[in-house]
Each structure stands twice: as structure tokens, then as C-alpha cells.
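Participant: Sequence:
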Amino acid sequence: MAKKQFKTESKRLLDLMINSIYTHREIFLRELISNASDAIDKIYYKALTDESISFDKDSYYIKVVTDKANRILRISDTGIGMTKEELDDNLGVIAKSGSLAFKKEVELKDGHDIIGQFGVGFYSAFMVSDTVTVISKAYGSDDAYKWQSGGVDGYTIEPCEKDTVGTDVILKIKENTEDEKYDEYLEEYRLKAIIKKYSDFVRYPIKMDITGKRLKEGSEKEYEDYKEEQTVNSMVPIWKRNKNELTKEDYEDFYSEKHYGFDKPIKYIHISVDGVVSYNAILFIPEKMPFDFYTKEYEKGLELYSKGVMIMNKCPDLLPDYFSFVKGLVDSEDLSLNISREILQHDRQLKLIAKNIKNKIKSELENLLKNERDKYGEFYKAFGRQLKYGIYSEYGSNKETLQDLLMFYSSKEKKPVTLEEYVSRMPEEQKYIYYAAGESNERIEKLPQAELISDKGYEILYFTDDVDEFSVKMMMTYKDKEFRSVSSSDLGIEIEEKKSLSDTEEKGNKELFEHMKSILSGKVKDVKASVRLKNHPVCLSTEGELTIEMEKVLNSMPNSPEIKADKVLEINTDHEVFKSLKEAYENDKEKLNLYTNLLYNQALLIEGLPIGDPVEFTNNICKIMK
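Residue 728 in the numbering used here sits at position 612 of the sequence shown; the count goes up by one each step and never skips.
To be clear, the hints were calculated from the coordinates, so they are not data collected in a lab.
Warning: the hint list may mix true and false statements.
Here are the computed lysine-lysine pairs in the DSS-like style, where the Cα-Cα straight-line distance is at most 30 Å [unchecked claim]:
| id | residue 1 | residue 2 |
| --- | --- | --- |
| 1 | 404 | 474 |
| 2 | 430 | 528 |
| 3 | 356 | 162 |
| 4 | 416 | 497 |
| 5 | 705 | 633 |
| 6 | 562 | 668 |
| 7 | 374 | 364 |
| 8 | 467 | 383 |
| 9 | 595 | 641 |
| 10 | 119 | 288 |
| 11 | 476 | 641 |
| 12 | 184 | 162 |
| 13 | 572 | 641 |
| 14 | 380 | 530 |
| 15 | 562 | 633 |
| 16 | 474 | 595 |
| 17 | 515 | 497 |
| 18 | 597 | 528 |
| 19 | 530 | 486 |
| 20 | 288 | 364 |
| 21 | 179 | 380 |
The calculated label-pair distances, taken between Cβ atoms and stated as ranges, are [unchecked claim]:
| id | residue 1 | residue 2 | range |
| --- | --- | --- | --- |
| 22 | 372 | 544 | 49 to 55 Å |
| 23 | 606 | 556 | 23 to 29 Å |
| 24 | 165 | 494 | 53 to 59 Å |
| 25 | 369 | 659 | 54 to 60 Å |
| 26 | 730 | 672 | 15 to 21 Å |
| 27 | 730 | 707 | 42 to 48 Å |
| 28 | 141 | 415 | 17 to 23 Å |
| 29 | 141 | 258 | 19 to 25 Å |
| 30 | 374 | 677 | 41 to 47 Å |
| 31 | 291 | 372 | 18 to 24 Å |
| 32 | 597 | 390 | 41 to 47 Å |
| 33 | 415 | 542 | 55 to 61 Å |
| 34 | 530 | 372 | 35 to 41 Å |
Virtual Cβ for every residue (Gly too), placed ideally from N, Cα, C.
Go ahead and model the full structure; you've got the sequences and the hints to work with.
Facilitator: Here is the structure:
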């Protein structure tokens with residue numbers, strides 16, 4: 117029999133198909149099953165307009181059969197089949213899609229759509245096969261034909277025998293090489309896993325003969341081999357079912373089946389949208405943070421389906437980074453896919469879906485915060501840090517989206533509160549949103565810098581995450597209220613009596629403070645009388661935008677140059693220690709040097725900063741004790 121050659125440019129395109137277009141070889145099974153589903157769809161659509169065709173859904177299915185001994189994989193369908201001319205036309209011209217032509221001929225009804233449109237998926241079979249054989253009998257025809265090809269050399273078509281309407285695609289699987297193990301495409305468990313991954317929601321049954329062992333009837337120890345036909349796909353996706361028919365347990369079971377996490381979701385979101393872009397989605401907000409969430413190995417993104425067939429396992433463009441903890445999937449018939457259906461074209465539809473999903477997630481989190489505060493608290497413990505990173509990144513452009521979802525521990529409420537709750541309680545004369553940063557709530561409560569704010573009765577937010585200060589610096593304001601650290605040199609609190617006293621002390625002790633500043637040269641920017649201290653003798657404050665906690669965070673980063681905040685050593689002139697300082701300045705400069713260094717190191721310890729020379733520090737304490 118004369119071999120036919122593929123038509124214009126098809127040889128080059130076939131070579132490209134086999135070697136370049138698809139990145140995962142396993143995709144071939146998804147493509148062949150999608151083609152088989154299309155073939156059954158075509159019978160279904162004809163039945164809509166031709167009363168002579170009875171469409172009994174139970175009679176239509178896809179079958180996957182393996183023959184390990186002969187290295188054969190067969191994918192069969194009970195669809196519409198192909199005539200000799202259709203085999204020649206559809207399979208002899210690469211990238212000509214019979215499905216696309218059929219789609220243009222008929223008006224699709226009942227919400228169904230043809231999966232394949234590009235006409236190239238069939239040829240992905242050559243990635244794993246030496247020879248591809250197609251045996252087909254068209255609906256309404258008495259004749260069957262066999263199409264066969266070994267690749268770019270061409271193909272043959274000849275008459276053959278086939279009892280039933282439909283198509284068999286028979287692959288002669290390649291032998292293993294050093295780099296590729298083709299045996300896996302003859303293993304039942306592997307084929308079943310590929311079907312579950314990509315084609316679980318194809319609307320027709322996908323059947324396989326599953327082998328195994330079972331106890332012989334009447335025996336407690338003796339086993340026998342068995343083979344039984346099983347439907348391996350789910351067919352009806354949960355996201356296309358009516359929400360009213362589904363229970364909380366249905367969603368939790370789906371979460372578990374998809375291996376989204378070992379926990380249970382705190383919240384699930386079921387979305388069905390018909391509009392400019394139609395899509396269905398199921399989203400889950402996990403209860404616990406994945407162990408690799410803050411590592412390079414963690415991949416964000418939602419599973420992406422087109423007409424029930426998986427296109428991408430992780431589509432990162434559907435989620436902003438600050439919502440990267442969300443799990444789930446999106447299914448849309450309106451997406452523009454590239455030729456291999458593996459990669460998404462970045463287009464208007466995708467951006468619109470992503471925007472809608474972002475808004476929906478935000479809305480559900482706001483509802484959780486308002487109506488189920490305890491649940492939101494659990495969520496926030498796990499993922500609040502990610503929301504703060506979202507504000508810090510992209511120069512604060514996400515501030516409006518995220519700011520009302522933030523919570524910080526409150527000095528007054530003794531529990532996390534929102535910024536809205538804080539601002540609603542602010543006294544009229546209070547200018548700023550005050551915060552204190554430190555390693556823990558317990559450490560922050562003991563900070564001497566907070567004494568004045570607390571005495572005024574003002575609420576203080578506790579920042580214990582390394583990203584907290586960076587986030588509010590990027591926000592700058594909330595409802596026109598600036599954020600102000602309790603360690604800031606300017607607290608915006610006018611206490612005339614104390615301020616007047618401080619100015620007097622500053623002038624009267626100018627030479628003393630200048631001398632102490634010279635002793636601490638390079639360590640502090642200034643030494644001055646404090647207006648904030650009440651019981652403590654000393655503390656550090658800062659000038660400028662960089663705070664001490666920010667200094668710690670920046671210096672803890674790998675290969676970071678040493679960064680220093682502009683520190684000010686504040687002295688409580690009402691404290692007994694100050695009397696000792698004045699006396700030493702007047703009578704014993706060496707003792708003043710000792711006192712100054714001790715007070716500076718004391719201030720460092722209060723801030724959780726390392727002491728420059730611990731040995732010198734302990735020696736100085738010993739000198740005082742003597």
C-alpha cells in the first residue's frame with residue numbers, strides 16, 4: 117500500500133509537536149481522552165436535531181486498555197467515528213481541527229462545549245509511541261478504516277473490520293531509554309493517576325480494567341487474582357453542582373481529595389459567574405500554614421481547568437501574592453489557550469477573573485472578621501504576616517485592599533484589634549496611632565518609652581512581627597491618622613510643665629550632656645533630658661524614619677551592610693541616677709565615663725540590642741560594686 121505524505125509544512129510541525137510544544141509527556145493521554153469526549157459530544161449534538169438518533173448516555177464511554185506484553189495502549193470511544201475522507205483530512209493535515217469545524221457547523225446547546233479546537237493534540241501521541249494506529253467507523257457508515265503512521269515519514273489508510281461505531285487509537289509504546297522510562301504509560305496505576313489529574317471531570321465515563329488480588333470466597337488466607345472494569349473519573353465536577361445540594365462535608369472531602377492540605381479549611385468559597393467572562397471556582401482558606409509556605413519551594417496558584425480538563429496545576433496569575441495561601445481551582449470556557457493547551461495566553465479574560473477572585477477573597481475575609489472573630493483570629497495567626505507583606509510590597513499600592521484586614525495586639529484590650537477599632541476609640545486630642553515594637557508582648561509592656569503614652573491613657577499597638585513597622589511606614593496613615601512609634605523623638609504630646617522643665621534641664625546641663633555625647637561618640641546622635649520617662653533612669657529614642665527594631669531586622673538579613681538608626685540617649689533628670697551623673701561630672705570625670713557607658717549599655721539591653729563589649733560591661737559593674 118502506498119504511503120501518503122503529510123501535507124504542506126506538516127512534517128516540520130509534527131517534529132515540533134513531538135519535541136517542543138509539550139513540556140510534559142503525560143499530556144498525550146489528556147489530549148486523546150479530550151478527542152474521544154469530543155467524538156461522543158458530536159453524537160449528542162446530532163441527537164438534538166435528529167430524532168432518529170437515540171442518545172442513551174449509558175451507552176457512551178471512553179475505554180483505556182493496556183497490553184504490557186506487546187507494549188500496546190488503546191484508547192477507545194463510542195463516539196461518532198470518522199470516514200475515510202475525515203481520517204485523511206483531519207489526521208493528514210496537522211493543526212486542522214475536526215472539532216473546530218464541527219463547532220462552527222452546529223449551535224451548541226445544554227451548556228456543553230467541544231474541548232479540542234487546535235487539531236494538534238492527537239499528534240502528542242508520537243511523544244510516547246513508535247507507531248500510532250487509528251481504527252474508526254463513522255456513524256451511518258457500513259465501512260471502517262485504519263489510519264497508521266510512524267511519524268514524519270507519512271501515513272497509510274486502508275479498509276478494515278470494526279463491528280461498532282467509534283474510534284480506537286492504538287499506541288505502540290516506545291522502549292525505555294537512559295533518560296525516559298516509557299513503561300510507566302503501560303502501568304494501570306500511572307494511567308489512572310494521569311486520568312484523575314487531567315481528565316477527572318470529562319463528562320463521560322472513562323473505564324479501565326483494573327487488576328488486583330482478593331481473598332478467595334470461603335478462605336481466610338488464600339488470595340486470587342481478579343480483573344474488573346471500573347470507571348476511574350468523577351465526571352460531574354463539584355463546582356458545577358448546585359450549591360444548595362452541597363454540604364460542608366462535601367467541600368471538606370473535596371479539599372482532602374485534592375490534597376490541598378492535611379487540615380480542614382476555615383472557609384470555602386463557591387463562585388459561579390455568567391457574564392462577560394463565565395467561570396466557576398471553588399476556593400479554600402486553609403486553617404494552618406503549609407510547612408513550606410515561606411520557602412522557595414512553595415508554589416502559589418489555583419488549578420486551572422478549561423471545560424473540565426486541567427490546563428495548569430498552578431496558575432499563579434489568578435492570585436495576588438498576598439493571597440497566595442488560598443487553595444482551589446477555576447474552570448472557564450472563555451480562556452484563550454495556546455496551541456498545546458498547557459500554557460495560558462495572558463489576556464483580558466484572565467485578568468478579569470483574577471480581579472474578581474481577589475475581590476471575592478477580600479469580601480469573605482471581611483465577613484469572617486465581622487461575623488466569626490474567633491475563626492478570623494485563627495486565620496490571622498497563620499497568615500496575617502502575609503497580609504502585612506502585601507502592604508509592604510509594591511510600594512504600598514495594596515494598602516486600600518488590605519489595611520482593614522490587619523490586626524495588632526492592644527495594650528488596652530489585651531487582645532488583637534483592627535485599625536478601625538483603634539481609631540474609633542481615640543480621644544479627640546490624640547494626634548497619632550501609637551505603636552511599640554519588640555520581640556514579644558511581654559517585652560514591649562516593660563519598655564520605658566511607653567510610660568508617657570500610657571499615663572495619657574492612650575492605646576498602644578504592639579508590633580512583634582519583623583514586617584510590622586515596614587508595613588505601617590509604607591501605609592503612612594490610616595484614616596488620616598499618622599503612625600508614631602513610642603520611641604520616636606517627637607511623640608506629639610504637649611506636657612507644658614514637663615517640657616518647660618526639660619528645656620531648663622537641657623540648658624542647665626548642656627555641658628554635661630555634651631560631655632556624655634563625646635564619651636559615646638559614634639554610638640548615639642545626641643544625649644538629652646527626657647520628657648517621656650517617669651520611673652526608669654534611661655532609654656533610647658530615635659530620630660528619622662529608621663527605628664531600632666527596623667535596624668535589627670535589616671541587620672539580620674544575609675549580606676546586609678551594617679545599618680544604624682539615629683539613636684538618642686534620653687536621661688530621666690528626676691531620677692536619683694541623674695544626681696550621681698551630675699556629681700561625677702563636677703568631681704570625677706573617670707567615674708562619669710563609667711556611668712555613661714553603663715547607662716548606654718543598660719539602654720541597649722532594654723531594647724534587646726547586643727552590647728558591644730560584654731567583658732568591659734561586666735568589669736564596669738564590678739567597679740561600681742567595689
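Participant: Give a verdict on every hint.
Facilitator: Tested hints:
1. 404 / 474: holds, 20 Å
2. 430 / 528: This hinted pair is violated, its Cα atoms lying about 44 Å apart.
3. 356 / 162: Within the cut-off at roughly 24 Å; holds.
4. 416 / 497: Holds. Residue 416 to residue 497 sits at ~19 Å (cutoff 30 Å).
5. 705 / 633: Holds, at roughly 13 Å.
6. 562 / 668: holds, 19 Å
7. 374 / 364: holds, 16 Å
8. 467 / 383: Given pair residue 467, residue 383 holds - Cα atoms ~24 Å apart, limit 30 Å.
9. 595 / 641: violated, 33 Å
10. 119 / 288: holds, 19 Å
11. 476 / 641: violated, 49 Å
12. 184 / 162: violated, 37 Å
13. 572 / 641: Roughly 28 Å between the alpha carbons, so the hint for residue 572 and residue 641 holds.
14. 380 / 530: holds, 29 Å
15. 562 / 633: Holds, at about 26 Å.
16. 474 / 595: The given pair, whose Cα atoms are some 23 Å apart, holds under the 30 Å limit.
17. 515 / 497: Distance of about 20 Å is within 30 Å: holds.
18. 597 / 528: holds, 19 Å
19. 530 / 486: At roughly 19 Å apart (the allowed maximum being 30 Å), residue 486 and residue 530 satisfy the hint.
20. 288 / 364: violated, 46 Å
21. 179 / 380: With a Cα-Cα distance of about 35 Å, the restraint between residue 179 and residue 380 is violated, given a limit of 30 Å.
22. 372 / 544: 49 to 55 Å: The hint (49 to 55 Å, Cβ to Cβ) holds, given that residue 372 and residue 544 are roughly 53 Å apart.
23. 606 / 556: 23 to 29 Å: holds, 26 Å
24. 165 / 494: 53 to 59 Å: holds, 55 Å
25. 369 / 659: 54 to 60 Å: At roughly 58 Å between Cβ atoms, residue 659 and residue 369 fall inside 54 to 60 Å, so the hint holds.
26. 730 / 672: 15 to 21 Å: holds, 19 Å
27. 730 / 707: 42 to 48 Å: Roughly 21 Å apart at Cβ, these two residues miss the hinted range, so it is violated.
28. 141 / 415: 17 to 23 Å: Between residue 141 and residue 415, where Cβ atoms are some 21 Å apart, the hint holds.
29. 141 / 258: 19 to 25 Å: violated, 38 Å
30. 374 / 677: 41 to 47 Å: Distance hint for residue 374, residue 677 holds at roughly 45 Å.
31. 291 / 372: 18 to 24 Å: violated, 39 Å
32. 597 / 390: 41 to 47 Å: Holds, since residue 597 and residue 390 (Cβ atoms, about 43 Å apart) stay within the stated range.
33. 415 / 542: 55 to 61 Å: violated, 42 Å
34. 530 / 372: 35 to 41 Å: holds, 37 Å
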